[in-house]
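Asker: Sequence:
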Amino acid sequence: MKAFLKTCYYSTAAGLLSLPSAALAAGENPFDRAKNLTNQVGSTAFGSQQQADLPTMIGRIINIALGFIGILLLVYLVYGGFLWMTSGGSDEGVKKAQTMIKNAVIGLVIVVAAFAISNFVLLSLVNVTTG
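For the sequence shown, our numbering gives the first residue as 1, with consecutive numbering after it.
Mixed in with the good hints there might be a few duds.
Unchecked claim - Between beta-carbon pairs, the in silico distance windows are:
#1 M85 to L16: 42 to 48 Å
#2 K95 to L72: 20 to 26 Å
#3 W84 to V128: 46 to 52 Å
#4 I61 to L17: 20 to 26 Å
#5 L19 to T56: 38 to 44 Å
#6 Y10 to M85: 47 to 53 Å
#7 G67 to F4: 19 to 25 Å
#8 A114 to L16: 42 to 48 Å
#9 F120 to L19: 53 to 59 Å
#10 G67 to G15: 20 to 26 Å
No lab work stands behind these hints: they were computed from the structure. All C-beta atoms, glycine included, are put in the ideal place defined by N, C-alpha and C.
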């Protein structure tokens with residue numbers, strides 16, 4: 001009987017603690033935000049932004065492409081590790097996985113170097129053209 005009462009007590013306490021509490025905050029009127037929409041044309045989430053020039057746009061495109069390639073190489077690296085772990089000790093599977101990991105690491109080094117070189121060149125180009 002004592003164990004049953006203890007179980008009931010803890011179950012009730014856990015149930016009460018898991019109930020949502022009241023949020024003591026005022027709601028936002030959606031019409032107040034709609035009034036300011038006409039003043040925000042040309043703005044971004046971080047404030048108003050000027051039109052980017054060509055070197056800046058090229059730099060953004062290069063950074064996005066290199067980031068995407070880096071993500072693919074990380075997935076390739078993880079897949080190589082997965083193959084190594086699931087090879088079951090077969091020499092052929094381990095060799096294939098090691099080759100995949102080696103190629104992924106070399107690719108990541110190349111992507112990081114390309115990222116550093118492109119950022120250096122584009123920053124130098126922007127500094128030369130803007131003074």
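Asker: For each hint, tell me whether it holds in the structure or not.
Answerer: Hints, verified against the model:
1. M85 to L16: 42 to 48 Å: Because 45 Å falls inside the window, the suggested range holds.
2. K95 to L72: 20 to 26 Å: holds, 23 Å
3. W84 to V128: 46 to 52 Å: The hint (46 to 52 Å, Cβ to Cβ) holds, given that W84 and V128 are roughly 47 Å apart.
4. I61 to L17: 20 to 26 Å: violated, 51 Å
5. L19 to T56: 38 to 44 Å: Taking Cβ atoms as reference, L19 and T56 lie about 52 Å apart, which means the hint is violated.
6. Y10 to M85: 47 to 53 Å: violated, 41 Å
7. G67 to F4: 19 to 25 Å: This hint is violated: roughly 59 Å between Cβ atoms.
8. A114 to L16: 42 to 48 Å: violated, 58 Å
9. F120 to L19: 53 to 59 Å: holds, 57 Å
10. G67 to G15: 20 to 26 Å: Between G67 and G15, where Cβ atoms are some 47 Å apart, the hint is violated.
Checked against the numbered hints given earlier, this structure breaks hints 4, 5, 6, 7, 8 and 10; the rest are met.
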